[in-house]
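Starting from the known structure of chain P, fit chain B onto it as the hints suggest.
2 protein chains.
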Amino acid sequence: MFTFVILEFSSKIIEQAVDAFAQLPGVGKKTALRFVLHVIKQDKIQSENLSRLVMQLKTDLRFCERCHNISEQTICEICSNPSRDESLVCVVQDYRDVMAIENTGLYKGHYHVLGGLISPLEGITPSNLNIDGLVNKLQSNRVNEIILALNATMEGETTSFYIFRKIAPYNIKLSAIARGIAVGDELEYADEITLGRSITNRVPFDSQIKK
Amino acid sequence: MFTFVILEFSSKIIEQAVDAFAQLPGVGKKTALRFVLHVIKQDKIQSENLSRLVMQLKTDLRFCERCHNISEQTICEICSNPSRDESLVCVVQDYRDVMAIENTGLYKGHYHVLGGLISPLEGITPSNLNIDGLVNKLQSNRVNEIILALNATMEGETTSFYIFRKIAPYNIKLSAIARGIAVGDELEYADEITLGRSITNRVPFDSQIKK
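For the record, the sequence lines run as chains P and B. Heads up, the first sequence is in the numbering used here, so the first residue is 1 and it goes up one at a time. Heads up, the second sequence is in the numbering used here, so the first residue is 212 and it goes up one at a time.
Treat the hints as calculated values from the structure; they're not laboratory data. There is no bait here: all hints are sound.
30 Å max Cα-Cα, derived DSBU-like pairs, lysine-lysine: (1) K30/P with K41/P; (2) K137/P with K58/P; (3) K269/B with K44/P; (4) K30/P with K319/B; (5) K41/P with K255/B.
Ranges between beta-carbon positions, derived for each pair: (6) E403/B with E192/P: 40 to 48 Å; (7) P236/B with V183/P: 29 to 37 Å; (8) P25/P with Q284/B: 29 to 37 Å; (9) R273/B with M154/P: 45 to 53 Å; (10) Y162/P with A401/B: 50 to 58 Å; (11) I392/B with T200/P: 55 to 63 Å; (12) E399/B with M154/P: 39 to 47 Å; (13) K29/P with I286/B: 22 to 30 Å; (14) K223/B with Q42/P: 16 to 24 Å.
Treat the numbers as computed from the prediction; the structure is a model and nothing was measured. The beta carbon of each residue, even a glycine, is placed where N, CA and C say it ideally should be.
The shape of chain P in the complex, shown without the other chains (with noise of 0.2 Å):
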């Protein structure tokens, strides 16, 4: 049976932080108003917190003006570090990614956070992207190598494709992630797409040992 739920709020207060939480995303009107009873029990400073953070994120935050990164200053930490190598540019999708490839302490390149991948059904194009600013980078002749980090996706790859084309013309190393086995994954589960290409891009053994 289908049920359609109309939320009728007793305070227009509530109903308005309701809107206001539901637009968060993945957030529907019930599980807005989880958040929102949550909200009228917790301590006053919890309240305070949260309120006075999500101005903060709006007002202290910036995307750095040459990577697009998240950071508190108008080029971010990275850019700005002198010991990073800035003739290798790691394209992906957002600052999530940065943060999983920061955490693994093996990259020292430059960023380059494109904000989005090319989605016709979600109604976001090239122009949506940060692409031109990375092809502005490629005119500066510092960049020797790019490496495309986006996800295993139709997306992604779409994503990776158009930029492979348009950074053609520049004659510049473009590498990807490789795709393959999961670190402590079994064989016998992985899909045979997955499976295919590790076998394909094999690597020498002893380049993953020495990890």
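Frame of chain P, contents of chain B only:
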């Protein structure tokens, strides 16, 4: 494989905001980070709105002194409405249940909001709930009937039984909402306890059709 995720943030504000969002019910650090990134991306007006409403939930709302429902006044709209029957009190778990029953449009009595259910596992004892307020209400001699409208779970049944014992000395009519097959449901998928109860507590057919 068990993966342990440590999130390291480049910005203190992001870290604090993630911690603040992660206190909402059912929100982990990864979801909190999605919320934070959304707030950073959305229009400033929307963030200001969310920030202001979070504060207003604490400053402008309170619990009704009579029924513990959430209200903008000291006494809520339902308790202060003279056309509602104060001799009938419906005991519910929280504000959402008041909303759900109000939406049926079939109840014209008062409410009493417990603020939770007895749950030793979660450390919620009768003293954490507004049960004493219910007993005090009975001493006014204005209440004729109490309707228990609590969840059909272990916690709900325990709380119902506790209230039954508490108000037994007052010799007041005590009823509980009907348990049975939901409208639109098929018998063959109903569990045997529900089906059994719906047979034991069968009602005259003409009382069902007049709704």
